[in-house]
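Could you build all of it, start to finish, from the sequences and the hints given here?
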Amino acid sequence: MSTDDGEASRRSGRQPTGVGWPGGVTPDPAPSPPDAAEPSTISEPGPGRRSNSASAMIAVLLALLGFAMVVQLRHVAADSQLSSAREDDLVSILSDLEARETRLNVDIRRLEDSQRQLNSGAQRREAALADAARRADELGLLAGALPAEGRGMRLRLEGDSEALSAGTVLDAVQSLRNAAAEAMQIRGAHEEPVRIVASSYFVDQNGQLKVDGRLLSRPYTIEVIGDPSNLRSSLTIPGGVVPKVRERGGNVTMDDLSIVEVTARYSPTTLKFARPAS
Amino acid sequence: MLAFLALIAGVVLGLLINPEVPTVLQPYLPIAVVAALDAVFGGIRAKLDRIFDDKQFVVSFISNVLVAALIVYLGDQLGVGGQLSTGVVVVLGVRIFGNVAAIRRHLFRA
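Residue numbers (full-length UniProt numbering), protein chains in the order written: chain X, 1 to 278; chain F, 1 to 110.
These are calculated hints, taken from the structure and not from any lab test.
Treat the hints with care, since some could be wrong.
[Unchecked claim] So the derived list for chain F, only partly shown, Cβ under 10 Å to chain X, looks like this:
no., residue
1, F4
2, L5
3, N18
4, V21
5, L29
6, G43
7, F61
8, L78
9, G82
10, S85
11, G87
12, G93
13, R105
[Unchecked claim] Label-pair distances were calculated between CB atoms; the ranges are:
no., chain 1, residue 1, chain 2, residue 2, range
14, X, L90, F, F97, 51 to 61 Å
15, X, D113, F, V90, 50 to 60 Å
16, F, V90, X, L111, 17 to 27 Å
17, F, L74, X, R116, 52 to 62 Å
18, F, N18, X, E101, 26 to 36 Å
19, X, D113, F, G79, 45 to 55 Å
20, X, L111, F, N18, 38 to 48 Å
21, X, N119, F, G79, 47 to 57 Å
All values derive from a computational prediction rather than experimental measurement.
Every residue gets a Cβ at the ideal spot worked out from N, C-alpha and C, and that includes glycine.
Pasting the structure below:
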């Protein structure tokens, strides 16, 4: 802009009376010659040439004005005013920003702390949850609330009511428990299987076996999950279940299986007397 | 008419070239533009008063711009650039208002 101004003033310097004029905008009527009001229509050579050059000058100035205006508008629009701001403004803006940064840093630290706390809390809770789930699974298997599968054996008891009394079946179940059987179910020839849990009971009723209130018909099949060799040896020891049943004319067959499915679930009864003691 | 066309030509040129404002000129350009606007409105008013003198217009335009820029420069050197440029803008704004009021009286007779 200053170079433009310089050029303009140099040009205006060529005008004979242009330099000494006072800087007022509203022109004093006295010094203005009457022919200057309509510069373009003047045809006399002297003033006409002057008017022409003067109006060209005016055109140049106005073009400069338009140019500068647009440039400045663009500049302001593009610049968010920081580069045209003054030093004190910049200083105050800077100190504002610094104070804000400090505040935000404090915020960040606080939030990071709470994030850490929440994370560790969440981890603890997850661990506790996994532990509880594992224990719930184990207890569910033990209590017969969950179906189970695993290595084990299938035990088939054949014979008449004398050979397969409730006491014999209970003996067999106890032998299996001694051999660390983990899940068991017993089924009759036609009935649904019954899960055997700690509280299961076996009674004779009219020559039939009743397990947990359900009558089963011979032959009985017991599916048991556990180490097959242990189970087998606990059943076949002298004086054990297998010799006893065979003695009375029954028969016991044992199949080791890599996958035994214990699908029956124990349906819990409401307890009348026992309640948890904490 | 020629002046008006030149103004438009300048605007178009500015849009086309889209130059960067040099850092040295950044404080002065807005003031210079306002001063030039003041001169232009004064010229329009003089035209309507039929006392327009092109020579006077040219000189007042240039001197307006230069004086405004000089004042701002001086203010910057003295450490009161912000206040002084505000003052210049206020003065020029008042004059533009006065000129526009006179133009309005001419055009609308009110």
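The hints, checked one at a time:
no.	hint	in the structure
1	F4	holds (8 Å)
2	L5	holds (7 Å)
3	N18	holds (6 Å)
4	V21	holds (5 Å)
5	L29	holds (5 Å)
6	G43	holds (8 Å)
7	F61	holds (5 Å)
8	L78	violated (13 Å)
9	G82	holds (5 Å)
10	S85	holds (9 Å)
11	G87	violated (14 Å)
12	G93	violated (13 Å)
13	R105	violated (13 Å)
14	L90/X / F97/F: 51 to 61 Å	violated (32 Å)
15	D113/X / V90/F: 50 to 60 Å	holds (53 Å)
16	V90/F / L111/X: 17 to 27 Å	violated (48 Å)
17	L74/F / R116/X: 52 to 62 Å	holds (59 Å)
18	N18/F / E101/X: 26 to 36 Å	holds (35 Å)
19	D113/X / G79/F: 45 to 55 Å	holds (46 Å)
20	L111/X / N18/F: 38 to 48 Å	holds (44 Å)
21	N119/X / G79/F: 47 to 57 Å	holds (54 Å)
In summary, the numbered hints that this structure violates are 8, 11, 12, 13, 14 and 16.
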